[in-house]
Amino acid sequence: MPSALKVRGCVVERVGPFGVKISVGSESLCIDVLQGACNHRLYTRLSGNAPSLRPGEEASLGAFRVRATEAYSREDVGDERLYRRGEGVGYIVEAGGCKVYHTGAAGLIAELASAREERATILLLPLGKGAFTPEEGLEVVRSVRPSVVVPLYEDVREAEKLKLLAYYYSQVIILKGEDKWG
Amino acid sequence: MGVVPPSMKYNAVSVKEYQRLHKESVENFESFWASQALQLKWERAWSAAFSGSRWFVGGALDPYYNLVGKHLSTTLRDKPAVVVEWEDGSAEAVTYEDLHEASGRAARALREVGVGAGDWVAVIAPQSVEATVAILGALRAGAAVETIFTGFGWWEVMRRLKRRRPKAVVAFSELTRRGKRVDLLLPLSKALERLDYEPEVFVVGGSSRWRGFEELIKGPSVKESWIFSSESPLVGFHAGYEDDFRLVTHRAGGYLVQALAVTRWVGLRARDTVFCTVSLGWITGVSHCLIGALMLGSTIVFYNGAPDYPHWGRWLEIMDYYAVTVFLTTSTALRLLKGNVRAAGYELDALKAIVVTGEPLEAPLWQWAYEELGSGSSPMVESVPGRTGRIPVINTYVQTELGTFVSGNLVNSAFAPLLPGSAGLPLLGFYLDVVDGEGRPLRGEPGRLIVRTPWPALPAEVEWKGYYDTGDLAVMDREGYLSVLGRRDGVIKTSGYRISPGAIEAALEESGAAKRAVAFGVPDATRFEAVVVAAEGEPEHIRRAVRELVGPIAEPSLVIVEELRGEKRWLRQGLRERVARGR
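Respectively, the protein sequence lines represent chains A and B.
Residue 1 is where the first sequence starts when you use this note's numbering, and the numbers rise one by one after that.
Residue 1 is where the second sequence starts when you use this note's numbering, and the numbers rise one by one after that.
Hints were generated in silico from the structure; no laboratory data involved.
For each residue, glycine too, the CB sits at the ideal point set by N, CA and C.
A couple of the hints might just be wrong.
Stated by the list, open to error - Part of the chain B face toward chain A, derived, beta carbon under 7 Å:
{"no.": "1", "residue": "Thr74"}
{"no.": "2", "residue": "Glu87"}
{"no.": "3", "residue": "Gly89"}
{"no.": "4", "residue": "Thr95"}
{"no.": "5", "residue": "Arg271"}
{"no.": "6", "residue": "Thr299"}
{"no.": "7", "residue": "Glu317"}
{"no.": "8", "residue": "Tyr321"}
{"no.": "9", "residue": "Ala323"}
{"no.": "10", "residue": "Glu347"}
{"no.": "11", "residue": "Ala350"}
{"no.": "12", "residue": "Glu509"}
Modelling step: build the complete structure from the supplied sequences, incorporating the hints.
This is the structure:
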């Protein structure tokens, strides 16, 4: 299983089931990583003192230009997962020539439908409890159409299922990582 | 094992219907291939499809546009073109747009060092992004490319460079195999030192002596790419003959027409991800794994490392985690997998075809691949649950001179039933026949495998004289299924590679490792044939000399110490029979 993926100068590694480290040269940005060394950190859960941006906010973190996107569950369709509007966030990270889109834990929200215009290089897609099901993941892949999809997962079977559903639309690459919380 | 009909989800046809289509294609081979040529974009139309050993005479096309350029105005622009996994688990993906940018830079750098139309660029590199960029850069600059297998020893590399005289060489400084560093600079230096001219050298991984690969891709990108006449050289190889390796040069027009058509027929499409284990130094690696796959807009997955490191499941893991849809490999590789790995524990449901090449694929091995690798975890509509096989395993016949696969089954076209143990039926447009010494067709018994009509990738070195003798021994059954048995001459087939016994002998004799040497192949359960060398000298010294001079693939499994008298041809034959008798 590949452990790190380099696309357009960005190296993406999984840290824990839902954490990810994006490196450009010697600089790194970690999203949802609890432990380990990183130059910059962001979290997709808007709570307490965890560093994060609000949807719509932008920031430059060293080599990384970050834009926060909406990530929430849709109550109107009975989606009762983790995040209500204002509780979660996704990120679009640009560095060098790559654009990484981390959707955050979300449902199939309207904002995803327009994400295709972003021309994301890598889509980081959290799967599992509180995040997308593989079937929803397929819808996200079809909306975003990234060059590469990297599932973030606790149970590899969900990543495999997403692969079988979505490989027709985008290149899915399942990265190794610790699948349990550190 | 009987014939296995393709699932009805393909364009399945009966053998009879396929025979009709095939007959039509070879009876009108010029118009058949002319119609295939329309799949390419031509800058200037050809005046004759075939005339005087040349195809698409008078035509001109931009090879780069037909490989990559045409995808840039489509959604394939952002699709990964090449994904490489290295032995340490790190992976890299480049999109078609990335390849466009990098190859444009390489083209400019190559032009700046004087590379242009009519020149050759040698690429001595493993399957990698860098090799792909170098090849595409050379084509954009107007040069033809010879790829040289990284497993060759310095002497063999030197002789290839001497014959082809490339103006630039792109090489790797090292590789990692089973966690250990393999130095490629030393053999490269030895080869280059013995040339009577100095090519421009670019080295991936750095070297104090030559330019780094970074210099090839640091400048601005060219916007345009070179238009080749249909008859210009495009790619070159060396093919093993009894006396030595010889040049094989494929011309732009015909080669590209054939590479596109055949790669599509055997199973690749834009939506596919192909995992190819055949090195870029060999015809399949270039024609199907790279050029054909790029022309179709597929994603190519390369693995750069040992197949058994850290365990034999490495290739299956790659197919699982990269959602591979087509597995292109050799019979030798399948034989090694069969003895060492089970598919259980790997999710291979995305796989839709296994294409095998290199040497005969015996029926039990075919069955193993079909049931073990091809069953998947969820059965298809028509298949029975369990490990009963559900995707086609296609065996093919290929030869450097022929340019592409010429027999097999057409997954993406008229798909006739599979006959396990055979190399399938002659592909459309290729008139293969098995004949006796007088040229009379033979069915059901071994004979000479010949080609009766010219094929588009007819090499520049072959003057068409009514038929072409492949040098292989084969059996064709009444329906046309081909079983290739091996070489009729002394050429050694090992692990899918065609090794010249004359080249091994010359390396030993010219280097002084042996006063006289004779090399030949003997049957081998895993690699089809193993190399045996008879010479006067110390066996370990001979073994080491072959490994260093020609390469590890030619390393003899047995060295017979013997004084050699008489003609080599008869010596080879006599010794081969002796080894076969176990004496």
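Hints versus structure:
no., hint, result
1, Thr74, "13 Å, violated"
2, Glu87, "11 Å, violated"
3, Gly89, "4 Å, holds"
4, Thr95, "5 Å, holds"
5, Arg271, "6 Å, holds"
6, Thr299, "6 Å, holds"
7, Glu317, "6 Å, holds"
8, Tyr321, "4 Å, holds"
9, Ala323, "4 Å, holds"
10, Glu347, "4 Å, holds"
11, Ala350, "5 Å, holds"
12, Glu509, "46 Å, violated"
Hint compliance for this structure: hints 1, 2 and 12 are not met, and every other hint is.
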